[in-house]
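2 protein chains.
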Amino acid sequence: MSSPLPSFKKLTVLNKPDTPTVMTDKTEPIDLAGQGMDHSPLVRSWTVQVTPPSLRDNTALAERLARAIEKATGPAGLTAPLSLAAGLADLYAEADYRVWVAVQVDRDPGRIVMVEPAPGPGRAYGLAVDLGSTTLVFALVDLETPAVIDRLTLANPQVKYGEDILSRVHFADRPGGLDALVQALRQAVNQGAAEICSVHGLDSGRLAAAALSGNTTMTHFILGLSPRTIIREPYVPVINRPEGLSAAQIGLDLAPEAPVLVMPNKGAYFGGDLMAGLVVSGMNRAEKPCFLVDVGTNAEVVLGQADWLLGAAGAAGPALEGGVAQMGMAAASGAVDRVRIDRTGKALTYRTIDGRPARGLCGSGLIDLLAELFLSGLIDFRGRLTLPPGHPQRLETDEGPAFVVVPAEETEDGRPITVSEVELDILLRSKAAMYTILTTVIKSVGLTFDQIDRFYVAGTFGQFIDPRMAVAVGMLPDLTLDRFVPLGNSSLQGAILALVSGQARAEVMEVWRKLTYLEMNVNQELMNRFSAARFIPHTNRSLFPSVGTTIT
Amino acid sequence: MSSPLPSFKKLTVLNKPDTPTVMTDKTEPIDLAGQGMDHSPLVRSWTVQVTPPSLRDNTALAERLARAIEKATGPAGLTAPLSLAAGLADLYAEADYRVWVAVQVDRDPGRIVMVEPAPGPGRAYGLAVDLGSTTLVFALVDLETPAVIDRLTLANPQVKYGEDILSRVHFADRPGGLDALVQALRQAVNQGAAEICSVHGLDSGRLAAAALSGNTTMTHFILGLSPRTIIREPYVPVINRPEGLSAAQIGLDLAPEAPVLVMPNKGAYFGGDLMAGLVVSGMNRAEKPCFLVDVGTNAEVVLGQADWLLGAAGAAGPALEGGVAQMGMAAASGAVDRVRIDRTGKALTYRTIDGRPARGLCGSGLIDLLAELFLSGLIDFRGRLTLPPGHPQRLETDEGPAFVVVPAEETEDGRPITVSEVELDILLRSKAAMYTILTTVIKSVGLTFDQIDRFYVAGTFGQFIDPRMAVAVGMLPDLTLDRFVPLGNSSLQGAILALVSGQARAEVMEVWRKLTYLEMNVNQELMNRFSAARFIPHTNRSLFPSVGTTIT
Numbered sequence: 001m002s003s004p005l006p007s008f009k010k011l012t013v014l015n016k017p018d019t020p021t022v023m024t025d026k027t028e029p030i031d032l033a034g035q036g037m038d039h040s041p042l043v044r045s046w047t048v049q050v051t052p053p054s055l056r057d058n059t060a061l062a063e064r065l066a067r068a069i070e071k072a073t074g075p076a077g078l079t080a081p082l083s084l085a086a087g088l089a090d091l092y093a094e095a096d097y098r099v100w101v102a103v104q105v106d107r108d109p110g111r112i113v114m115v116e117p118a119p120g121p122g123r124a125y126g127l128a129v130d131l132g133s134t135t136l137v138f139a140l141v142d143l144e145t146p147a148v149i150d151r152l153t154l155a156n157p158q159v160k161y162g163e164d165i166l167s168r169v170h171f172a173d174r175p176g177g178l179d180a181l182v183q184a185l186r187q188a189v190n191q192g193a194a195e196i197c198s199v200h201g202l203d204s205g206r207l208a209a210a211a212l213s214g215n216t217t218m219t220h221f222i223l224g225l226s227p228r229t230i231i232r233e234p235y236v237p238v239i240n241r242p243e244g245l246s247a248a249q250i251g252l253d254l255a256p257e258a259p260v261l262v263m264p265n266k267g268a269y270f271g272g273d274l275m276a277g278l279v280v281s282g283m284n285r286a287e288k289p290c291f292l293v294d295v296g297t298n299a300e301v302v303l304g305q306a307d308w309l310l311g312a313a314g315a316a317g318p319a320l321e322g323g324v325a326q327m328g329m330a331a332a333s334g335a336v337d338r339v340r341i342d343r344t345g346k347a348l349t350y351r352t353i354d355g356r357p358a359r360g361l362c363g364s365g366l367i368d369l370l371a372e373l374f375l376s377g378l379i380d381f382r383g384r385l386t387l388p389p390g391h392p393q394r395l396e397t398d399e400g401p402a403f404v405v406v407p408a409e410e411t412e413d414g415r416p417i418t419v420s421e422v423e424l425d426i427l428l429r430s431k432a433a434m435y436t437i438l439t440t441v442i443k444s445v446g447l448t449f450d451q452i453d454r455f456y457v458a459g460t461f462g463q464f465i466d467p468r469m470a471v472a473v474g475m476l477p478d479l480t481l482d483r484f485v486p487l488g489n490s491s492l493q494g495a496i497l498a499l500v501s502g503q504a505r506a507e508v509m510e511v512w513r514k515l516t517y518l519e520m521n522v523n524q525e526l527m528n529r530f531s532a533a534r535f536i537p538h539t540n541r542s543l544f545p546s547v548g549t550t551i552t
Numbered sequence: 001m002s003s004p005l006p007s008f009k010k011l012t013v014l015n016k017p018d019t020p021t022v023m024t025d026k027t028e029p030i031d032l033a034g035q036g037m038d039h040s041p042l043v044r045s046w047t048v049q050v051t052p053p054s055l056r057d058n059t060a061l062a063e064r065l066a067r068a069i070e071k072a073t074g075p076a077g078l079t080a081p082l083s084l085a086a087g088l089a090d091l092y093a094e095a096d097y098r099v100w101v102a103v104q105v106d107r108d109p110g111r112i113v114m115v116e117p118a119p120g121p122g123r124a125y126g127l128a129v130d131l132g133s134t135t136l137v138f139a140l141v142d143l144e145t146p147a148v149i150d151r152l153t154l155a156n157p158q159v160k161y162g163e164d165i166l167s168r169v170h171f172a173d174r175p176g177g178l179d180a181l182v183q184a185l186r187q188a189v190n191q192g193a194a195e196i197c198s199v200h201g202l203d204s205g206r207l208a209a210a211a212l213s214g215n216t217t218m219t220h221f222i223l224g225l226s227p228r229t230i231i232r233e234p235y236v237p238v239i240n241r242p243e244g245l246s247a248a249q250i251g252l253d254l255a256p257e258a259p260v261l262v263m264p265n266k267g268a269y270f271g272g273d274l275m276a277g278l279v280v281s282g283m284n285r286a287e288k289p290c291f292l293v294d295v296g297t298n299a300e301v302v303l304g305q306a307d308w309l310l311g312a313a314g315a316a317g318p319a320l321e322g323g324v325a326q327m328g329m330a331a332a333s334g335a336v337d338r339v340r341i342d343r344t345g346k347a348l349t350y351r352t353i354d355g356r357p358a359r360g361l362c363g364s365g366l367i368d369l370l371a372e373l374f375l376s377g378l379i380d381f382r383g384r385l386t387l388p389p390g391h392p393q394r395l396e397t398d399e400g401p402a403f404v405v406v407p408a409e410e411t412e413d414g415r416p417i418t419v420s421e422v423e424l425d426i427l428l429r430s431k432a433a434m435y436t437i438l439t440t441v442i443k444s445v446g447l448t449f450d451q452i453d454r455f456y457v458a459g460t461f462g463q464f465i466d467p468r469m470a471v472a473v474g475m476l477p478d479l480t481l482d483r484f485v486p487l488g489n490s491s492l493q494g495a496i497l498a499l500v501s502g503q504a505r506a507e508v509m510e511v512w513r514k515l516t517y518l519e520m521n522v523n524q525e526l527m528n529r530f531s532a533a534r535f536i537p538h539t540n541r542s543l544f545p546s547v548g549t550t551i552t
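If you read the sequences in order, they're chains P and L. Read in our numbering, the first sequence has 168 at position 168, and its numbers run on one by one without any break. Read in our numbering, the second sequence has 442 at position 442, and its numbers run on one by one without any break.
No wet-lab data here; the hints were simulated from the structure. All the pointers check out, no bait thrown in.
Which copy is meant is left open, so a pair is good if it fits within one copy or across any two.
Think about it this way: if two alpha-carbon atoms lie no more than 20 Å apart in a straight line, the pair counts; the simulated DMTMM-like pairs of lysine to aspartate or glutamate are:
| hint | residue 1 | residue 2 |
| --- | --- | --- |
| 1 | Lys-443 | Asp-478 |
| 2 | Lys-346 | Asp-380 |
| 3 | Lys-346 | Glu-421 |
| 4 | Lys-514 | Glu-63 |
| 5 | Lys-514 | Asp-57 |
| 6 | Lys-71 | Asp-57 |
From a predicted model like this one, the values you see are computed outputs, not experimental measurements.
Start from the sequences and build out the full structure, keeping to the hints where you can.
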């Protein structure tokens, strides 16, 4: 072709390490010391020899077990749930009084969670789950080594009741709707638990603990609570800090008495996944101010350090989660997650998740696209296409002109993947909202961006996005790249830490208590700030001195 | 008639105050100070105005309730069970945020147990139950005044699976047997709760707490646990100290989250009813040594004072609980519970429970009979009848000679109520066993009976028996009558106290910890002691100087 945009080429497709199916024999030790955490698991196990009762020692079967644990230097004053006590007579007979026992040790007195004939499963295993609205990510955790034995990702089956979380909340209002959503989620968690365990010869019914992390709506779903009040003014959850849960109580097929931690939320926008992210980042222990941003359906922003944490949130994200752009989609199989445009030859290359034929653009793909279109001169600073009408990469649609990202012959459904000027504008509003929130928060405490020590980027967005691109479009402030720290799936990582570290559990509650909500008053100053941020990278280019330098 | 035993007459029949049907408007204030107890109920209630959520205050619905309670000077740091959190959105709307809430306050943090639109039931009500093997006795308790509003007695429907508790334990071993016994008991407790509440315009589904007291087997039944190990060597319960129970968990139709206290047992023979009795007696605070005896299927004996408690038990009681004497029966309607024989005219008078035609003899009736037969010279000190053959009150049976207590024309089934010499001998063995246990226990600590300050007699036996009669037959030591203190239904009374007093709850655990078990070695010395005690009142009459003086 003689066009200035020659044929597009695919990049070598790389599978995301996190994406699908079980990895076997990929046990990763958890370096708690390296993260400044102690090793004090939620549940510990012991193999003990229970003294058989005699006429001289008529202590009950349950209390004998407690005594044997204490003798084995386990915790004292234990109590056993009724459901376990009921089976002890037969169990002792079968095991000749030699039993394996798992004990929830983060409470006083502790609580016996499982008891089996020795050697039982040998150690206490737990399940950490990131309850994403699109995907559920599981980690099978050996609480005692400690180590992550394996990871697994499943699609969230709730999508059949609503692609995005808002439509699911509305579906939950229908008769039977909530129940359908809750059951779908619980079944998927059970399925994930069963799958990840079976690969390793374990039975998920013998998992001794779980930690669940997710946004406020997702944690409400797993708890069986209606998220109705979360999406309606004044946007409040039913519960912030669920406590004392066991697996059986919320329909999870782990050991019935297994304790289940659910990360606390701090309102509709600050979910348990954010608390997890804060603890994983360690900014709650930082000596200098740090930022954490998590972009999902909403932009959640926390500024702070050891003494204080200030949070703000706004509806910034729909464009980045498949909610707005026609071709937008979640970061799932077939999503274009990376785009590069050669500055000279104007050749566009892209990458899809799993290397499958392209189906749409996920958040990081959209940010890449926006940045690359601007840096290569294919759009102007207002997001208008510079390609002339009739150019093969320009398509005229009902919505106006659009840019062809992936030609029809390379997509899954044979239709081109395009982004219109209208969609680019929505994207600009999203990035402007994020920058406005960041600016408002930092101004509220009298700091400037150059005083920020580290800038943590959490969530799926943070995992896949290229900070250079986010700076290039003016979404994130123009800091040196070494200050940007992607946290990966910090929701899952926080859940893993909560299973193995008492300090992590305490810090989750500490950040939950410390986090102060900054209400964003929509006033003229904020609107001015927003308007100025709607250009690429910003009306005030001096805020983004680095933009324009080549990104490769 | 010209016989030395002229026609028997009934005494004026008195209904037992405790026996059947609800008493209305019989509220009895509980004098805690008089019993040296504090008033700190298990559950307290508050009526609070919850602040409606706003954009400026996005605390979750559950935590708002906790905050409102704290503001109303209730406990801080509360948690709400998931089941209550789920209904809060609708409840607030219905109640315009003015709610009544009941909180379990004996734990830290407290736990929200009930929440209703104000004024709700107005205060926290609880149910105390004595789980007797024959009868279930209920008390409806106003935890906050505090007061007993009403009492109710129901027959234990488990009798259809076995008259005595041992036969029920065997029935529990059959397929489905345990479940049948557990369900029968739980249904009866639910029925009693519903009946006692309905009289007072209450709904048992709104009872905020319960305390259950009973022997070890009965508490195992209510918990759904098999009592199999209790009756088989080495006689151990499944659990000593059940904790953290809620009504829903054990199938009780109170408020589902209502905490349920189950009195702890200290082995097969020392049931929660005995712990209750110890606390009610106050001997755990006494400065001088006291005895407590509880005669049911077994004789349970505790000797002690503030610093120490020493217990022993033995199979003393079958004869006194309807298990041995052919005409023996439990202290139920139609049981002869009092017998007097005129010394001169040899006229026998008796009383039946409820004044119904006689059906048999209960424990106190048997003790009375034994004493009166001896004191009036109708039996000798070995329990042999002195009446000559052919006498109308003497009957020759397959078992040998028998004494006619109630003639055929006065009994329910038209057959005479008799006690044979063989049965009298069993009775003598029972009383000898009791005296032997008492002697063994007191000797083991180097005390003598005259050093005993108070002698508490607990249980149904203690409630109805005349201590003078028990002394006359040599069952209890020959102390001045003012030292004998009947405790009445101390099992129920202890449960009532546990509902309203933290000190009582603490003392239950304290006596549970302090109580030491004295194993009764069956050796020659014990056998000699037992043999000497098989006569009336004893081989060594100097031990019973008062016996022979007229009892009226």
